[in-house]
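Novice: These protein sequence lines are chains X, B, W and A, in that order. Sequential numbering of the first sequence, starting at 128, is according to this note's numbering. Sequential numbering of the second sequence, starting at 2, is according to this note's numbering. Sequential numbering of the third sequence, starting at 133, is according to this note's numbering. Sequential numbering of the fourth sequence, starting at 115, is according to this note's numbering.
None of the hints are false.
Short, incomplete list of chain B residues facing chain W, as computed with Cβ under 10 Å:
1. I27
2. V67
3. F90
4. V155
Source of the hints: derived by calculation from the structure; they are not laboratory data. Everything numeric in this text was worked out from a predicted model, so none of it was measured. Each residue gets a CB set at the ideal place from its N, CA and C atoms; glycine is no exception.
Now for the letters of each chain:
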Amino acid sequence: MQSYAVEMKGITKGFKGVIANNQVNFRLAKGSIHGLLGENGAGKTTLMNILFGLYQPEAGQIFINGTEVVINNPTQAMNLGIGMVHQHFMLVRPMTVVENIMLGLPAKRGIFLDKGAVEDSLKKLSEKYNLKVNPKAQIRQLSVGEQQRVEILSVLYRGADILILDEPTAVLTPQETAELFKILKLMRDDGKSIILITHKLEEILEIADEVTVLRDGCQVGGEKITNQTTKSDLTNMMVGREVLLSFDERPDCTGETRLVVDNVTLKNENKLLVLDCVNFNIRAGEILGLAGVDGNGQKELCEVLTGLRPLTSGKIQLDGQVLSGKNPSEYIKEGIAHIPEDRHKTGLAMGFDITNNLIIKEYQSPRFSTGGLLNFKAIAANAQQLLNEYRIKASGPEAKAKDLSGGNQQKIILAREISSSPRVIIANQPTRGLDIGASMYVREKLLEQREKGVSILLISADLEELLQISDRIAVIYEGRIKGILKNKNVSIEEIGMLMAGVESGEKTAC
Amino acid sequence: GCGNKEEKATQGGKEDGKKPLKVALILPGKIDDVSWNQAMYEGVKALEKEYAGKIEVTYTEQVYEVSNIEPTLRDFASQGYDLIIGHGFQFMEPIIKVAQEYPETKFALGTGFKTLPNTCVYDVKLEDGGYLMGTLAGLMTKTNKIGVVGGADVAEIYRGHEAFKHAAKQVNPDIQIQELYTGDWRDAAKAKEGAISMYDAGADVIWHSGDGIGLGVVDAGKEKNKTVLGNVADQNVLAPNNVLSGIAYNWTPVVKEMVDDILNNNFTNRDKKFYWLTAANGGVTVAPFHGLDSTVPAEVKAKLEEVKKGLANNTVEMPKFEK
Amino acid sequence: MLNRKTSLKNIMVSIAPPVISIGLAMLVGALLLLFTGQDPLEAFKTLFWGAFGSTNRIAETLVKATPLMIMALGTSIAFKSQLWNIGGDGQFTLGTVFAMLVALNFSALPAPILLPLSFLAAFLGGALWGGLAGVFRAKFNANEVITTLMLNYVAVYLLGWLVRGPMIDPNGHGFPQTPLIQESLKLPILLSGTRLHFGIIIAVFIIFAGYVFWRSTIGFRIKLMGEGHHVARYSGIKISKTIVLIMFISSGLAGVAGWTEVFGIHYRLLDDINSGYGMLAIVVALLGNLNPLGIGISSFFFAALIVGGSTMQRMVGVPFSLVSVIEGLVIIFVISRVVYTQWRDRHANRTFNPGFSHQSTGGGH
Amino acid sequence: MQTELLTQGFLISLLAGAIRTSVPILFTALGDIFTQRAGILNLGLEGIMLMGALGGFVGTYFTDNLWVGVLIAILTGVLFSLIMAFLSVTVKANQVIAGTALTILGTGLSAYLYRSIFGVQKLPPQIEAFPALKIPILGDLPFWGPVFFNHNILVYLAFILVIVTHIVMEKTTFGLSVRAVGEHPRAADSRGINVPLVRYLCVMIGGAFAGLGGAFLSIGFMNTFLDQMVAGRGFIAVAVVIFARWNPYRALGAALLFGGANALQLRLQALGMPVPHQFLLALPYILTILVLLSVSKKAEFPAAYTVPYSRSER
Ligand SMILES: Nc1ncnc2c1ncn2[C@@H]1O[C@H](COP(=O)(O)OP(=O)(O)OP(=O)(O)O)[C@@H](O)[C@H]1O
Ligand SMILES: Nc1ncnc2c1ncn2[C@@H]1O[C@H](COP(=O)(O)OP(=O)(O)OP(=O)(O)O)[C@@H](O)[C@H]1O
Ligand SMILES: [Mg+2]
Ligand SMILES: [Mg+2]
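Using the sequences provided together with the hints, build the complete structure.
Specialist: Rendered as structure tokens:
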């Protein structure tokens, strides 16, 4: 019989009234890539955190290469050859790449840091698996993709032969994902065993040898050989019901122009041009998709469109009325909803409970307060309703946002923004990190808003998604709109070209 | 238990003074602050020995929270103490208030100006001390630069400093005088740095007006090997080669006077409600020169004696130092 | 329903576990007392009696609790928003100064007008002093821990100068203190023969107001600030403005605390008018879990500790320093109470029942 | 008075004074750099310094050996700071209250122990403090000699420790771990760094330095112990670290600035500057604020500043 790199038996773990893992069995064959699937909150991260020694299970056994072990902390895990790339990166932003790699490692030169040596062996590694990063760069200067490479490098640097990657592709562009998969294959062929968590089934089918599915903290149907399963099998196992994975043709329901972005330029703190006379407008009932490699000005564009950043020049109009120059509260009042990229620092008050997170933008509106006093009945009712409507999985409305799984946190934001009956929705990566069920649900919701005549700017790294629901697709590159295409028989390739900076499509000169 | 303390106490209060006079001393600072509080503490203790059987003394220290004063007074009053001493001007209003509630009890206020039949005020003529030190410093300086260091400037300290400067100018018209306050009673290091700065600037004699900060000044003198004039007690032992002299308080005569007045029942009907600690009644004295005696010229000693006499029979003209 | 829940939770958090902790603190205190040769039982009996032994005692405890309550509530407002305003002392002082300036300079006005006016002045004085630190933080990103701390020292010297110079009592024979306020301005005594003054009623009212405050939209905004400036801005809050506002309110209350102290007890200004209430207020606020009810309770508790402590000092002759040692110990043990709850939670986690997950909301398929 | 201000003698005296005055603050600040870098705000330093001052004095008094005093001061500081470590790391208590409690305790305990050890004496017990140690050649330099090279040995030690602190922070694995723990404890944890241990160590290092700072007052500069003799220097040290933005060299500058302001203020008083002395006394504090305003824009606090870390929380 085949020997397993990892074998977890009857793992059980609970948090404040939530049971995250319930009698989970999990096996990772040596030298294979193993997919781990499950809806948001199914318990994937928890299971892996247990394997990595961050959490202690209440019950269950763990075997590494056939021998039973107890893993009390990451150090022990690493000594056992386990390395983990977390869903939320574990990098110290003000420090350089090398420093991050060296963290926690015993120094070769007594107590003193030996950056030179580390840099060298780092170079070798990055060549071997062609993971390109500048060792001297500060993390905060790196793109998400690069940061991920750093994470992988540091895991490899520690000589891990069992790798856990928690939703690595969630933050990557298609190109980057392709890159990553090449690397993973390299590693597998190198004899390493890899656990890959993702919500994108096609990815599993593309690269994983086997797959395990979790639902509500329980493992469903043992592990499957991927080339003997199909998307719908897996969705069934995950969600326990059919999920339609595509939308039928939609009637064009666009009305007159609503949001006008007119020659908007923005310089950042260091006087660098991050938005270069951006021009576009969105009609009522229209979804404008915005494609582009991460870090080409999407974040800044959102901040400008929601008043979080004063623009350097140009103007923003909503139904003919100029918004630019006003402060965020007025943007909110005018009905511009914002689903920000950064859930943890920006989108949510992590220490607040769900109830209160659902009102952080509207607590002053008559809906939730009268005469300056909060109306807790209404607030609580609102919470209950949205909790059910958006299927947010938590111990209850008093659960603190920080205790929720990534996906459920995103659902709170969606619920809050959409329920504010906006005129415009600025959605930055709204389905990032969401399971298929949830993402489909989000898209339905956005389309529903579209029907209602809401104008939507949808920024997404997932081209499938853009093609699926947007009416037009713009491409941003180095802060400039490279082109805006009607979403009729445009090809991924075409967009890819623009994303790489090649001009074409309907010009937006100024 | 404590529960019935108060009743017992009040009865005690009603009894007449056959049994020893119960004296309570309330100090705003610590009994070892080498200054104001310690001097009073020792003065009273000394009298307790002398009047063994006639008086018995309790004390409490560090009642510096102004808002704690009144309850403290009331505590002792209600326990039937005959004489309650509040050793600082911040006791004035509380004493006036509580004294009205306990007309039987006698109260003494350390510096202040309001009085009632059953209260009195005692104070130190620090200007006497200041004058003596000023004279000495003015005569002893070779650089014609002297200095004086104080903690927080409160009434009697202020008077002392003014008298010091005044006297020095009398004996040495073209003298330069440096003066500074550290703003608190405890930061000896700050005071030392201050004193050093004075010595660096050419001063060769410095007087300090007491408290923990005084120790800093003495230490500075020792380090710079210059002359220091102490305060409150004979501080020569701290730096035998540098502490030339100083003024020493002895509160015993004043406390004695008060106690006697009470025992002979002419405390309340006494017209003059002020008890002064002066050079005259031996309360303010000049500390001996010890090993440094030889360094003091005869005419200086003579002048000093003359000033003492002058102060004793009020022939020394001294302006009224008040803000 | 939620309402009861939250406040109930808060009461629990505020009072239940500390009881054990205080016991432990007393134990250590007892050892120290033995070491000094005092009889711990006698000492602690005196401490308790000193705080609660008679009407007068209880009155005294309430008198001490008055400024603590008001100031701690102010402190809690800043702390909730993660602004570490530790400048209560300075703000207290400036409050007293402003109030006194009004009281002395407009003495022509009738008391019913002048008294509220002085109250407002006190609030303003504190608010401006703390608001200054707020502006420094908002405009210059200057850390408020430092600025408020430094302003404390400055306030001490400022008061020192005022009571010796501009505000000194002209016929006070040069003693460093202001004149007394006129009779009609003294806060009414609630219980004759005691010092219990009207201030306590104001304090209790402010505690109640605080309870409402946290259920107001402004209260919510302030808590949201405490969650980080990113999310606050995202929610439409004007950060700089709110920082200043928070410091303004928080410090204003410190000023009011000063007002009750001066107009209720001292009737004049002099050095050391504020006996380190600022530090105590911080302690009280945090022991009270930054929660009005908790603050009410913990300030009363602390006042008792202080009043009882000084009685113990006088009657049993316990050295003053030992009293503050015991204070320190009590705080340390009380905040260590979390250790028990931590232990309990760990225990709870081991013995949870899988049935839970199905109660989880939403999820429903 | 202007004339005096300009003399070289005055400058020498002022600068030397500035150094003396800044050293106790500098010691404490250097240690606090570790503590704050690890993400902990220790307002208990005031209390720790007092305990250190007492420890140093007692140690010296009973052994007649200043270095034993120094050692005991350091130990006292470490032991006492353990309380802070326990409260902020293990208990995860709010650091502001924990520090406040420690200061209250330290103030009381130092006074209490002093009284129980020495009782009430007519004049306080004293020791022979560290003598001024003139550096051979340098000490004779015309201007700089008396300013820099004629202090007691602890002063030189303080300056050496500035460099040491810098090296440890920037060049060693420990320093790296400390910074990581203060910035992103979870990341540090997942890379196998023992977060609680590092934080304990950093608080204890802070305690050791604060003990030393206290000892400088009682047996370095002064020759006796007085309760509350630290007089707020512990708090100033915290301020110094923050506005030095956790950099030892800037901390040196900041401490000198504060010390200098104090030394200057005293001299201006002595020379009879026609201003109420309270204003001059307030000068160092006002100056600190003003400087803070000018440097703070850049200040970036450790991301996990004052935030307790717990693995199971997220
Ligand atoms: N530290 C924690 N404290 C409290 N609850 C937690 C904690 N970690 C996880 N949970 C709960 O356990 C459940 C599983 O969480 P987990 O993060 O493992 O889900 P997941 O499968 O990773 O979801 P996602 O795909 O969104 O990342 C969720 O309901 C979550 O709320
Ligand atoms: N009955 C209620 N129903 C819903 N929300 C409430 C209720 N009471 C308070 N809140 C809100 O929930 C949050 C927590 O309120 P809580 O009453 O717990 O005050 P608190 O205990 O001081 O806050 P925290 O618990 O965050 O320390 C606050 O934002 C408050 O506005
Ligand atoms: Mg996850
Ligand atoms: Mg609560």
